[in-house]
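For reference, the chains in residue letters:
2 protein chains.
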Amino acid sequence: MTVAASRNDQETNVSTANSVHAKAIELGKQVVRMTTAAGSGHPSSGLALSHIVVELMYRQMRYEVSDPWNRGNDRLVLSIGHAVPIVYAAYADLGGVVGTDPDQRRPLSVDDLSGLRELSSVLDGHPNPAEGFPFFDAATGSLGQGLSVAAGLAAAARLDGIEKRIFVVAGDGESREGQVWEAADFIVDQKLKNVCVIFSCNGHGQAAEVSLQQSPEAIGAKAAAFGWHVIEVDGHDPDELSAALSSVATYDKPTAIIARTVKGWGVDLMQGSNFHGKPVPADQVEAACAELDATGEGLGASAGDPGRPKAPSSTAAQKAGRSGGLLPFEDALRRVGLAGALEKKRLATRRAYGAALVALGDVDSRVVALDGDVGNSTFAEMFAREHEGRFFECKIAEQNIVSVGAGMSAAGKIPFASSFAKFLARATDQIDMATISRANLKIVGSHSGVSLGADGPSQMSLSDIAYFRSMTRVDNGRGVAACHVFHPCDAISTYRFVELMAEIDGLCFLRTHRPDAPFIYPFDESFALRGCKSLRSGEHLTLVSCGYMLHNVLKAAGKLAEQGIECNVFDAYTFPLDASPILEAARGAGGVILTVEDNYIGGLHAELAEAAALTGSVRVSGLTVNRIPKSAKTADEVFTHVGVGLDRIISAATELAGS
Amino acid sequence: MTVAASRNDQETNVSTANSVHAKAIELGKQVVRMTTAAGSGHPSSGLALSHIVVELMYRQMRYEVSDPWNRGNDRLVLSIGHAVPIVYAAYADLGGVVGTDPDQRRPLSVDDLSGLRELSSVLDGHPNPAEGFPFFDAATGSLGQGLSVAAGLAAAARLDGIEKRIFVVAGDGESREGQVWEAADFIVDQKLKNVCVIFSCNGHGQAAEVSLQQSPEAIGAKAAAFGWHVIEVDGHDPDELSAALSSVATYDKPTAIIARTVKGWGVDLMQGSNFHGKPVPADQVEAACAELDATGEGLGASAGDPGRPKAPSSTAAQKAGRSGGLLPFEDALRRVGLAGALEKKRLATRRAYGAALVALGDVDSRVVALDGDVGNSTFAEMFAREHEGRFFECKIAEQNIVSVGAGMSAAGKIPFASSFAKFLARATDQIDMATISRANLKIVGSHSGVSLGADGPSQMSLSDIAYFRSMTRVDNGRGVAACHVFHPCDAISTYRFVELMAEIDGLCFLRTHRPDAPFIYPFDESFALRGCKSLRSGEHLTLVSCGYMLHNVLKAAGKLAEQGIECNVFDAYTFPLDASPILEAARGAGGVILTVEDNYIGGLHAELAEAAALTGSVRVSGLTVNRIPKSAKTADEVFTHVGVGLDRIISAATELAGS
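Chains as they are written, first to last, in numbering that gives the first Met the number 0: chain X, 0 to 658; chain F, 0 to 658.
So here's chain X without its partners, still in its complex pose (with noise of 0.2 Å):
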């Protein structure tokens, strides 16, 4: 461990040190006028970070303020959200540039810092880039996650050949989301000793004190624990935290700066831990700015220049775009050794994932792969063979690698994040934060559904269809759906799917399942968007299905017709859903639909029956996952003791036909 060397051992330039406290004054200033116009805010947390982002900002970092979209730049990952108006406030002093794209570009000025948290303003309550704050990478505010997406702004930068620092501020407190952890470990592994986090330690949380095991001691034996080279400076320093922060990627490790703040720093009344989350009373406002200035005078702060960012030492890549069609499935099948499925017409959708994902970065430099530890499981390892530097094996971690995938996608790749779907539920807060800063993130979970059979329930995912499908009628404010799911029966349809994802900007899911299904579709079959596929055709009722568990709807519609009972099947393998084909079918075919789904409820039976219900003219049943999994030796056998076996399906069409 280090500890900046104090003061008097360097050769100090006061008049700077002098000027970043006046700065850092000056848009502590800022930061409690700021909030106090909002009516709400976090003003004392930003005044713990007021020497540290002016240093960050006007002294360390190397980027253009006219031009944040500039991919050479050095970024900064403000994980503790909440503090966000500091640096609001020097990026209107530098005049940096805001906009939701370049088009719109518009250099930020003082005035507009009293808009804070306005609904026509870009300054959102916590980072929010897609408002129009491009300066940022991620949306943050959800503790815990800034370094995992550093972490994938870094491995992407080194994938483009860019030599830029990702700099991460964070809480004390924050650092007992585990999520850090497991980012200090992949930060490691990758050797990505580009990325610098600074821990503000103020010692406060929201409600109370942070615990010992977030003091600034512990944090600092902690980062040293987990392989980074850990530096201690007093966070009002200008001193230490330049000679802290100029260092940085000059080790062999990333570096942990563990940095002692002041929560509320420069006025008495925000200090403490009583005083989270509160803006100054507009009566105390200009107080509270007198004593700043005096907290200033008292440390000698002086007008002058505390320095203009730098610009970045790396010309950019251009974003390489694709380079042509996939390769035909067969062909694709044959590239990863799968040419027997060939023959027996016969793949798991996950198999079949894992070889279109290797032809789609046969033709796409920006495509990605992430997974954790079941590369083998979701054959996220056949991308990792053959596009080996463009894999990343993120280990035992999802939230890291949902986070990891977040910050590639700011940097220009099209991640695909794998794992099995229900470990990745443990990513959820994390997906949200990918969607509201509308990242171009691919999950893919596989052994979805109870369809694995003997490992139970502990693997089994039934509540993914309903999440990811409550995102499929919100728009993402650029007039593309916030998610769209796709929910394969066979391999081909798998492969087409994730040719679609990759030209979707924005946030998808894959479903795949383990079993070994038939193919469907013919080799070439295309998909659309919002699209079904009528599979069968009959005059009684209307099945309706999608991923595995079409084979069993299929089954039962050949059984049910060997008893006079015709059915339509259709493959609604998509969210959001045009259901009006399926609609038309079941008005000539007895006007009642049965869905058949191997989840939780909240999918395709919701969604058709929202579908029919705006006019009431078709019925619509459901059978979903009644109760909870257990194991058993096969998938049929489970699909029987969960309510949607063979014999259900065929009883409850049954009784539909006749109704």
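What the hints contain is simulated information worked out from the structure, not anything from laboratory work.
Zero decoy hints are in this set.
All copies of an identical chain are treated as equivalent in the list; a pair is satisfied when it fits inside any one copy or across any two copies.
Restricting the straight-line Cα-Cα distance to at most 27 Å, the calculated cross-link-like pairs of lysine-lysine (DSSO-like) are:
1. Lys-554 / Lys-532
2. Lys-192 / Lys-309
3. Lys-277 / Lys-632
4. Lys-277 / Lys-343
5. Lys-632 / Lys-558
6. Lys-277 / Lys-344
7. Lys-554 / Lys-344
8. Lys-632 / Lys-554
9. Lys-344 / Lys-532
Use these hints to put chain F onto chain X, whose structure you have.
Structure of chain F alone, referenced to chain X:
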């Protein structure tokens, strides 16, 4: 860091060590046989634990094999769930009792082992107490959660004055999960020195070798930095294990034992990275068993008594149940200093939650509360003040909160776990596991929906309703829904829902909101499971809502009435919901329903559409949050921004009433 004394340094009982070896070999052979019989499983991971399990289950743990429900028993949490066959083998050998409840108890026999993973077997693929293996307290198999469960068991035992030890066996690769370190912090904070985690460091993950970040040295250094007493042992040396395990709870810290183990111990074929999750081929079983025997011979294994479990040292305290009814609502508010709300007739539902929890805690000592540094936002702080010993400040670590709650539930507590609903989303997998465990856990998510306004989308939970609803039509195997959702519109209903939640034996979710809301119900109103409330009657249209949004809908109904459009208004406050009263009312009012929700799709609209589409006699339209929100100063501005503002409700209703 302590290194266990080597064999020569101790007065060891050589014959005991030899009989431990012999038992390890005997159980190892069972593991090989049972997984091959099952056709799946993870025998190599089990063999790595063979000595650890013998030492724990025969020699160290104090428990009644004939009474796994005895609350004085030492407990074992198998966090590395896939290694479970070795525990099954030991338990069968000991004649341990199985069954879903004490009335159905029977001893497990060695013959039962061959039924591993069968539908009819209590021996699920991963630990699953609810299917009849009560030796375990919680379902595991999704990695990284066991230490938190253990913390919950230990904290509950201390509350009950029971002296017992909680052992956790975890994997090295598993320690990559951040939750492990969240639990490590919590256990130190809570001084739960009777918890001992044994990391089985076999060096192999599923897809590859574990990272150097998860080497025995790294895990040991991390555990020490987190404040644990660390002991390194050879995980196949009975004497080292015995010395280390005997010393648990004699230190002033919790104990982490770093056990170097061999994956596939004793059988060459099963070692290395390529043998994860694979049974031995049937024709090689005898050779593998012979190799185990030979390994034993080389170690001097000799049949003999390795010991039998000692009886628990504590007599388990009787569960205290409910001692009476809750205070009247008004008195409960006065009790926590909220009398003013009775005058103003308005109170935020999150504050009412705090008051209700205090009143519940007054009459039921099983009730405990957990929160993550936001108790002054969720108002769990009221409980902390009034029932201090039963409040657990878990700091900013939501995954740990949920799994600690699951552990407490297993020990007979009724845990209420609160945070912002948004942040609890990162514990989705943990909630899934608690559901599989049939934990009696109450999740309380505050600040949900967009009504919190200025803080912006990073704090807003919008998919929570879809997620929790997905489980509400799922039977937990005991005739109870796997989840009950409560979504109160006012303080009075909040109060009653907390009471209902305590009466349900299973998972519940309470969704509270940030803003103050006027009282809708009389102070003594009562509420039923699956119920809804008619708040207004009309002949033209039926409006259905819940939560804070209901107030907007009532306003809209008032304005619509001014336009001559008379609406039914229902508060559909719960899932599962009996929708029949709403459908019946709708049939008498034009046959059209409009739902209005402050969440993404998958909630009320889906629930009512599903119910309506069964018969097709009622049409249902829905308004839900239709775009990713951003900050705005007021809830109403955000409502308008995301398509659920008052004007939009009125225009949608007007259109429907005229259709």
